[in-house]
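Top to bottom, those sequences are chains A and B. Take the first sequence: its letter number 295 is residue 295 in the numbering used here, and every next letter is one higher. Take the second sequence: its letter number 192 is residue 192 in the numbering used here, and every next letter is one higher.
These are computed hints drawn from the structure, not numbers from a lab. Be a bit skeptical, because a hint or two may be false.
Claimed, not checked - Label pairs and their in silico Cβ distance ranges:
id: 1; chain 1: A; residue 1: Gln382; chain 2: B; residue 2: Ala305; range: 46 to 56 Å
id: 2; chain 1: B; residue 1: Lys395; chain 2: A; residue 2: Asp376; range: 52 to 62 Å
id: 3; chain 1: B; residue 1: Asp86; chain 2: A; residue 2: Asp226; range: 55 to 65 Å
id: 4; chain 1: A; residue 1: Asp376; chain 2: B; residue 2: Asp212; range: 23 to 33 Å
id: 5; chain 1: A; residue 1: Gly381; chain 2: B; residue 2: Lys395; range: 55 to 65 Å
id: 6; chain 1: B; residue 1: Gly39; chain 2: A; residue 2: Ala270; range: 49 to 59 Å
id: 7; chain 1: A; residue 1: Asp392; chain 2: B; residue 2: Ala70; range: 31 to 41 Å
id: 8; chain 1: A; residue 1: Ala270; chain 2: B; residue 2: Ala422; range: 48 to 58 Å
id: 9; chain 1: B; residue 1: Gly365; chain 2: A; residue 2: Ala270; range: 42 to 52 Å
Stated by the list, open to error - Selected chain A positions facing chain B (Cβ under 8 Å, derived; list incomplete):
id: 10; residue: Tyr14
id: 11; residue: Gln120
id: 12; residue: Ala203
Just so you know, even glycine gets a beta-carbon here, dropped at the ideal spot from N, CA and C.
Chain residues, written in single-letter form:
2 protein chains.
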Amino acid sequence: MPPAEPLGTFTDLYEFTMAQSYLDHGQTGEAVFDLHVRGLPTDRGFLTVCGTQALARRLDRFTFTDEDLAFLEEQGLSGDLIGYLDGFSFEGRVRAMPEGTAVFPYEPIVQIEAPLVMAQLVETLVLNTIHLQTVIASKAARCQLALDQAEASAAMVDFGARRAHGLDAGRAAARAAYVAGFAGTSLVSAAREMQIPCFGTMAHAYVQAFGDEREALASFARSFPDGTTLLIDTFDIQQATEMVIELAEDLADEGVEIGGVRIDSGDLVAEAERARARLDEAGLADVDVFVSGGLDEHEIARILAEGAPVDGFGVGTSMVVSDDAPSLNLSYKLAAYEGEPVMKTSEGKRTLPAAKQVYRRFEDGRMIGDVIARVDEEGNGQPLLEPLTYRDPAKATQVARQRFADQLEALPAEVATLEDPAPYAVERSAGIEDAIEAALERAGQA
Amino acid sequence: MPPAEPLGTFTDLYEFTMAQSYLDHGQTGEAVFDLHVRGLPTDRGFLTVCGTQALARRLDRFTFTDEDLAFLEEQGLSGDLIGYLDGFSFEGRVRAMPEGTAVFPYEPIVQIEAPLVMAQLVETLVLNTIHLQTVIASKAARCQLALDQAEASAAMVDFGARRAHGLDAGRAAARAAYVAGFAGTSLVSAAREMQIPCFGTMAHAYVQAFGDEREALASFARSFPDGTTLLIDTFDIQQATEMVIELAEDLADEGVEIGGVRIDSGDLVAEAERARARLDEAGLADVDVFVSGGLDEHEIARILAEGAPVDGFGVGTSMVVSDDAPSLNLSYKLAAYEGEPVMKTSEGKRTLPAAKQVYRRFEDGRMIGDVIARVDEEGNGQPLLEPLTYRDPAKATQVARQRFADQLEALPAEVATLEDPAPYAVERSAGIEDAIEAALERAGQA
Numbered sequence: 001m002p003p004a005e006p007l008g009t010f011t012d013l014y015e016f017t018m019a020q021s022y023l024d025h026g027q028t029g030e031a032v033f034d035l036h037v038r039g040l041p042t043d044r045g046f047l048t049v050c051g052t053q054a055l056a057r058r059l060d061r062f063t064f065t066d067e068d069l070a071f072l073e074e075q076g077l078s079g080d081l082i083g084y085l086d087g088f089s090f091e092g093r094v095r096a097m098p099e100g101t102a103v104f105p106y107e108p109i110v111q112i113e114a115p116l117v118m119a120q121l122v123e124t125l126v127l128n129t130i131h132l133q134t135v136i137a138s139k140a141a142r143c144q145l146a147l148d149q150a151e152a153s154a155a156m157v158d159f160g161a162r163r164a165h166g167l168d169a170g171r172a173a174a175r176a177a178y179v180a181g182f183a184g185t186s187l188v189s190a191a192r193e194m195q196i197p198c199f200g201t202m203a204h205a206y207v208q209a210f211g212d213e214r215e216a217l218a219s220f221a222r223s224f225p226d227g228t229t230l231l232i233d234t235f236d237i238q239q240a241t242e243m244v245i246e247l248a249e250d251l252a253d254e255g256v257e258i259g260g261v262r263i264d265s266g267d268l269v270a271e272a273e274r275a276r277a278r279l280d281e282a283g284l285a286d287v288d289v290f291v292s293g294g295l296d297e298h299e300i301a302r303i304l305a306e307g308a309p310v311d312g313f314g315v316g317t318s319m320v321v322s323d324d325a326p327s328l329n330l331s332y333k334l335a336a337y338e339g340e341p342v343m344k345t346s347e348g349k350r351t352l353p354a355a356k357q358v359y360r361r362f363e364d365g366r367m368i369g370d371v372i373a374r375v376d377e378e379g380n381g382q383p384l385l386e387p388l389t390y391r392d393p394a395k396a397t398q399v400a401r402q403r404f405a406d407q408l409e410a411l412p413a414e415v416a417t418l419e420d421p422a423p424y425a426v427e428r429s430a431g432i433e434d435a436i437e438a439a440l441e442r443a444g445q446a
Numbered sequence: 001m002p003p004a005e006p007l008g009t010f011t012d013l014y015e016f017t018m019a020q021s022y023l024d025h026g027q028t029g030e031a032v033f034d035l036h037v038r039g040l041p042t043d044r045g046f047l048t049v050c051g052t053q054a055l056a057r058r059l060d061r062f063t064f065t066d067e068d069l070a071f072l073e074e075q076g077l078s079g080d081l082i083g084y085l086d087g088f089s090f091e092g093r094v095r096a097m098p099e100g101t102a103v104f105p106y107e108p109i110v111q112i113e114a115p116l117v118m119a120q121l122v123e124t125l126v127l128n129t130i131h132l133q134t135v136i137a138s139k140a141a142r143c144q145l146a147l148d149q150a151e152a153s154a155a156m157v158d159f160g161a162r163r164a165h166g167l168d169a170g171r172a173a174a175r176a177a178y179v180a181g182f183a184g185t186s187l188v189s190a191a192r193e194m195q196i197p198c199f200g201t202m203a204h205a206y207v208q209a210f211g212d213e214r215e216a217l218a219s220f221a222r223s224f225p226d227g228t229t230l231l232i233d234t235f236d237i238q239q240a241t242e243m244v245i246e247l248a249e250d251l252a253d254e255g256v257e258i259g260g261v262r263i264d265s266g267d268l269v270a271e272a273e274r275a276r277a278r279l280d281e282a283g284l285a286d287v288d289v290f291v292s293g294g295l296d297e298h299e300i301a302r303i304l305a306e307g308a309p310v311d312g313f314g315v316g317t318s319m320v321v322s323d324d325a326p327s328l329n330l331s332y333k334l335a336a337y338e339g340e341p342v343m344k345t346s347e348g349k350r351t352l353p354a355a356k357q358v359y360r361r362f363e364d365g366r367m368i369g370d371v372i373a374r375v376d377e378e379g380n381g382q383p384l385l386e387p388l389t390y391r392d393p394a395k396a397t398q399v400a401r402q403r404f405a406d407q408l409e410a411l412p413a414e415v416a417t418l419e420d421p422a423p424y425a426v427e428r429s430a431g432i433e434d435a436i437e438a439a440l441e442r443a444g445q446a
């Protein structure tokens, strides 16, 4: 692998202009910034934190090349700022919720404490990095909810790399989906980096290249004799099902086993039922039925509710772009400066002041409520913000997956549901309420 | 810049399993693959091609490291395939529509001719690369439509890096938006790479850090005395407008000019009108009014329709995630193999067979219809598919921007509209119709 590209310029210009002006005017005190969402998308009861490991890595790459600095100078930025950026390395203190944690509006997902200029400069990178994986993990979590609600044990596989928004997004989607319970991904680079299972067999082009469907299916099975999955909808699904049944018998002598069939179009419930019935009649109960094509959490729920005998789902576009909510109202806001709590009071965009901790209380293993408190207050329950440390990618992914599974188990059923979720109880501590009052007073709005 | 990372494993596993099986069975003839959309999202009359330059670069990076090959071997792939991939370099023939071109369903955006294995392997990378920029350019084009329909000359700036789906999406969004008529971007790395204008001044955090809004605005203006833009909605917009008016007078002696104000919340029409009126009364007609915050094409159209005196729009999230249509039904399908046209006949997912050219006819400078033809047929009109060559990023971006502007001018008004667009006439040539019939016959469906 080549050395990683410096990321200092993955930054909105205004971070640099502000940084320069902070330096100009001696505004170099310690700042605390909060990363939080201001609300939940429709029909979402919670979000799933993801992307903090990527953030840990990327903050170390927040550096500048000489060419970067020359470009910033051309943009009219001052020598003082350029001097500050030359040799920059991020040394702020970062606390974050562990990946896989369920999170609610105004709870800090990440909190960064650093000199104001430093904390300000990383804003764009911090937002972009956490937003991407949190968007996708939160969507993938809904597919897992659909499975759980049907008490189904079918496997879901991420097929979304082709329509994810870029290379980053393709890899992040594979990871975020795995964290949220998917069995693995079709994307080789992601499987390799995270050491997660990689799935994939054949596409329609394979059958088309052979022209003769039977010959194509036989050829593919011979190439992968240990139970591969054959795609049966290039032409006629029922005809192809019969071909698979014949092949299973004909190729058995050669030691070729067929592991499954995949249906990627048509009425997936009806086709899965028909294929299952024919396979069972033919004594091929061990051959699995996979479906794919335009699936999202609602389709998965519907397919399972209709009792379709599906062993696996390939889930792509809808999940990786989070089509019902492709963005979150994620913000990175100044919460304290030089030890003083501060807040934004503009219409509809208020923030919560002060450096914070979030405490989560449980009863009989169920989450019963969170409290957003000042970091210097006493709190009851499990503190959610922890120092962010970079871990081995494979291990970190497994830890996050376990955390997600635990949280899903602990979330109140009425919150962890696909439609009309009940709000989860999040309170503000007395210390936060006092800080709000003080901040509004200073802003002349109390 | 460090050397670019090899991209051979940004590939779904099934491309490799198919490749292996093609090699096993001697399916190594010449193939033609088509990249096209199967339909348009709701209320979209056309899409804008973008991303082919990135594709040209990335195909050269479709290579494998020794570690990649070792991982693929662990996935059970054969020595034959690994040998094929070792030292792989993409040598297919790529034709593509120029970036900025308006495109319609089933028209090939990209067509790749290569030995089957080679053409198959690059599928995931090709789809991902074209999908991203085409999604965003097509959305950004709608913002430009909103401006054109209002005959407004306001500038639009991409503010979306923070909520784009990843680092490459942030950069791609800046580029795609610029191609589609935006004045520039806030994202430094994109501005630098494409040599496009970079914009940005200040955020709320700046004002909050100072606490005193007047002091904050004065300090920022002093740091950037040549006409910067001041954010006026951290606390109370009307109060901040008065501060700006006072500052313009007070700081004039120091040679400090104020260039504009930005409003990021509240009722943007009412606030822009109020701010404009007060600035004009104060003799500050040259101070521009910028608005931002949750803008999309419909909001821009509404703001302009209501006559708000807005000089510039900061457009972020909605555009960069293309929130109404975050994915396109983009497919990469085998169109011909060993010189024979082939097609997919499965329900709802039919493709058009044969290697193709698209001809676009004009009358009085207006587009009047396209014909999708076989590449070996005679055609009338402007052929849209051209050999893809990699150009300097800055030049290529300018060329694409000009092409987009020309296409927008040439598109029928009833097609290039925000709501209920009329369908644009796209016909199939006699040669394509014949190829369909022949392919259906072979598939037993004629």
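Earlier hints that do not hold, by number: 3, 6, 7 and 8
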